[in-house]
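Participant: With the sequences and hints as input, model every part of the structure.
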Amino acid sequence: MPLLEVRDLHVSFETRDGTVRAVDGVSLAVDRGRTLGVVGESGSGKSVTALTVMGLTRLPNATISGEVLLDGVDLLGLTGDDLRRVRGKRVAMIFQDPLSSLHPLYTIGWQIVEAIQAHERVSEKAARARALEGLREVGIPNAPDRLSSYPHELSGGMRQRVMIAMALVLDPEILIADEPTTALDVTVQAQILDLVRELQAEHGTAVVLITHDLGVIAETADEVAVMYAGRVAELGPLTGVIDGAEHPYTWGLLQSLPSAESSRSEPLHPIEGSPPSLISVPSGCPFHPRCPYAMEVCPREVPGLLPTTPGHAVACHLPVSTRRAIGSEVRSQEAWA
Amino acid sequence: MNERPAGPLAIAGNGAAPRRAAPLVAVEDLEKRFPLARGVFLGGGRGQVHAVDGVSFDIPRGGTLGLVGESGCGKSTVARLVTRLLEPSGGTVVYDGKDITHRKPRALRPLRREIQLVFQDPYSSLNPRRTVGAIVAEPLRLQRIGTRSERRSRVREMLEVVGLNPEHYNRYPHEFSGGQRQRIGIARALITTPKLVVADEPVSALDVSIQAQILNLLAELQGQLGLTYLFIAHDLNVVRHVSDRIAVMYLGKIVELSPAEELHARPVHPYTEALLSAVPRVETTGRERLRHRVVLRGDPPSPVAPPPGCRFHTRCRYATEICSAVEPPLVDHRRGHLAACHHPLSTDARPAALASRTA
Numbered sequence: 001m002p003l004l005e006v007r008d009l010h011v012s013f014e015t016r017d018g019t020v021r022a023v024d025g026v027s028l029a030v031d032r033g034r035t036l037g038v039v040g041e042s043g044s045g046k047s048v049t050a051l052t053v054m055g056l057t058r059l060p061n062a063t064i065s066g067e068v069l070l071d072g073v074d075l076l077g078l079t080g081d082d083l084r085r086v087r088g089k090r091v092a093m094i095f096q097d098p099l100s101s102l103h104p105l106y107t108i109g110w111q112i113v114e115a116i117q118a119h120e121r122v123s124e125k126a127a128r129a130r131a132l133e134g135l136r137e138v139g140i141p142n143a144p145d146r147l148s149s150y151p152h153e154l155s156g157g158m159r160q161r162v163m164i165a166m167a168l169v170l171d172p173e174i175l176i177a178d179e180p181t182t183a184l185d186v187t188v189q190a191q192i193l194d195l196v197r198e199l200q201a202e203h204g205t206a207v208v209l210i211t212h213d214l215g216v217i218a219e220t221a222d223e224v225a226v227m228y229a230g231r232v233a234e235l236g237p238l239t240g241v242i243d244g245a246e247h248p249y250t251w252g253l254l255q256s257l258p259s260a261e262s263s264r265s266e267p268l269h270p271i272e273g274s275p276p277s278l279i280s281v282p283s284g285c286p287f288h289p290r291c292p293y294a295m296e297v298c299p300r301e302v303p304g305l306l307p308t309t310p311g312h313a314v315a316c317h318l319p320v321s322t323r324r325a326i327g328s329e330v331r332s333q334e335a336w337a
Numbered sequence: 001m002n003e004r005p006a007g008p009l010a011i012a013g014n015g016a017a018p019r020r021a022a023p024l025v026a027v028e029d030l031e032k033r034f035p036l037a038r039g040v041f042l043g044g045g046r047g048q049v050h051a052v053d054g055v056s057f058d059i060p061r062g063g064t065l066g067l068v069g070e071s072g073c074g075k076s077t078v079a080r081l082v083t084r085l086l087e088p089s090g091g092t093v094v095y096d097g098k099d100i101t102h103r104k105p106r107a108l109r110p111l112r113r114e115i116q117l118v119f120q121d122p123y124s125s126l127n128p129r130r131t132v133g134a135i136v137a138e139p140l141r142l143q144r145i146g147t148r149s150e151r152r153s154r155v156r157e158m159l160e161v162v163g164l165n166p167e168h169y170n171r172y173p174h175e176f177s178g179g180q181r182q183r184i185g186i187a188r189a190l191i192t193t194p195k196l197v198v199a200d201e202p203v204s205a206l207d208v209s210i211q212a213q214i215l216n217l218l219a220e221l222q223g224q225l226g227l228t229y230l231f232i233a234h235d236l237n238v239v240r241h242v243s244d245r246i247a248v249m250y251l252g253k254i255v256e257l258s259p260a261e262e263l264h265a266r267p268v269h270p271y272t273e274a275l276l277s278a279v280p281r282v283e284t285t286g287r288e289r290l291r292h293r294v295v296l297r298g299d300p301p302s303p304v305a306p307p308p309g310c311r312f313h314t315r316c317r318y319a320t321e322i323c324s325a326v327e328p329p330l331v332d333h334r335r336g337h338l339a340a341c342h343h344p345l346s347t348d349a350r351p352a353a354l355a356s357r358t359a
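As you go down the protein sequences, you meet chains A and B in turn. For what it's worth, my numbering labels the leading residue of the first sequence as 1, then goes sequentially. For what it's worth, my numbering labels the leading residue of the second sequence as 1, then goes sequentially.
Hints are computed from structural coordinates only; laboratory data are not their basis. Careful, some of the hints might be misleading.
Stated by the list, open to error - If you only want the chain A side, here are some residues facing chain B, beta carbon under 7 Å, derived:
hint, residue
1, Gly157
2, Asp185
3, Thr187
4, Gly215
5, Val216
6, Ala218
7, Ser256
Note that the structure is predicted; figures quoted are calculated from it, not measured. Glycine is no exception: its CB is placed at the ideal position from the N, C-alpha and C atoms.
Facilitator: What follows is the structure, given as structure tokens:
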């Protein structure tokens, strides 16, 4: 049994403009010590899926169905103290923008101590010692001084380290990281990704890494879920999804990237059109209006996420042989193959 | 004194006669200092940020110079100096043979037709209360070009050129997606038929599939309209895809300036090497590659108090004593491949330094 399993999750929000179907039948799983990369563009439902796992989408206008199983216990059914015992303690989350996730008026030390004392009965002194140890572990220089620093006194990379320290200080089983490096410079991004990897190896934490950057996925994930319009388009092991991509949307993402080897004289191969509004998601396969291989069946029927090889599943009406043929052609054109 | 290589900064490759045509933009020893206002204590911590410190480059007509660097390196300030939205504290900006370094706003007005900007955020750079037609026509109106109806037909043409439906003339920005909004911003920049377009992170706010659409559009338009681009971005792969030459900035200075493919293939400056190796790539060998990755320690130092000598020495794995004492000049290492480093990674100029460094 996987550590965390999301089964047929649906999340929609009633708004003035209509019903927003943010997550529409998503199933995912992640094991201890593994990294699940979730990749997709804005509005693909990747963040709403993560927030729902944390119980953070329970708004008056939200409708949530499905299951989020942590060690077999459905988190969607937990409320009050039961939920609080899981959130932060067993499942921790870090966000894109550390500046808006940290309270500007309290010191770093105060905020980490608060997080510890919210879950464990320990003295202030013991909590402070653990906060210090946490800051050291994430590589913050002058950690004792930093305990009394305010968030604005730190750089973006240091703030994200503080967030990671705060998330990991209670030794959670799962760390959900939603675009943790998007706001950071590339050299700092490399530092943070390395840090997450090291800490994961040390503690055996399962990581769910949400990003729009396929490059980040390629360097960190064990399994990959490609999301589009609230659904999983392709799911499988890293090499299967990146090198053996079988969904036209995944091909489109890979071909859109300017690579280090592509020639300047050749135009890029973008995906035509733009991602759909989640209020009026196209019928059938939501990708069909932008898909160069769309067939007659595509606007009519929603394709199921069906296995193509063990562990690798694809939601596409194209026959498997056609997908593999086009897939290998796409790969041979691209420098990333 | 700012050392410059003897030869002109022509595009390397054919190596023979360098281009003699005057560049559209020539920037020489450009400087910008901002005073530090410290709250109400005006007399107290008075200091200044040296945001741009001795930057020189040319952009040939119809060419693209890519400018890369991390946040705070001064690349956006360079954009604002070249377009004269800011006045330089030192150095010169020569546009089309004319020195515009200290021109007064009124005298700059005619040039605003020829020099246009495309911004990063297609949400905040379009006025939400004006129609697309009015937004795109604005530069024509300000420049008093054409009659109302002439302007209207020009706007429709332009919307079509950038791949938007001319019928959407009367819609408002919120009715468009991010990529479409960026197309509106591009239409507005091109409506006055400029010669120079300065694009400051034009695709970094867009989804990857849309990024590729906009990059293709910019390339097409350059070919059609003979545009010259100064293209600023932090994504090295994006910059490489659009640029003839790339300048890498660190803490207000250009540390490397080279033909685009050459920069990627054979970086000379250790900072460029680290930047290149930090970009995550889609390759099976991703995990393999991690082992060879250069991960820089720490954050970029504050531009208020840059380190002495080579500004990169505090984070450089090759740094020696000389680096903290003497500032390295920007010199030519290989036919127009310039870099400012005491320990160049690959060079025709001083192979001995390379050998001793790798030992």
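Participant: Each hint: holds or not?
Facilitator: Evaluated hints:
no.	hint	verdict
1	Gly157	6 Å, holds
2	Asp185	4 Å, holds
3	Thr187	5 Å, holds
4	Gly215	3 Å, holds
5	Val216	5 Å, holds
6	Ala218	4 Å, holds
7	Ser256	4 Å, holds
Every hint, counting from the list given before, is met by this structure.
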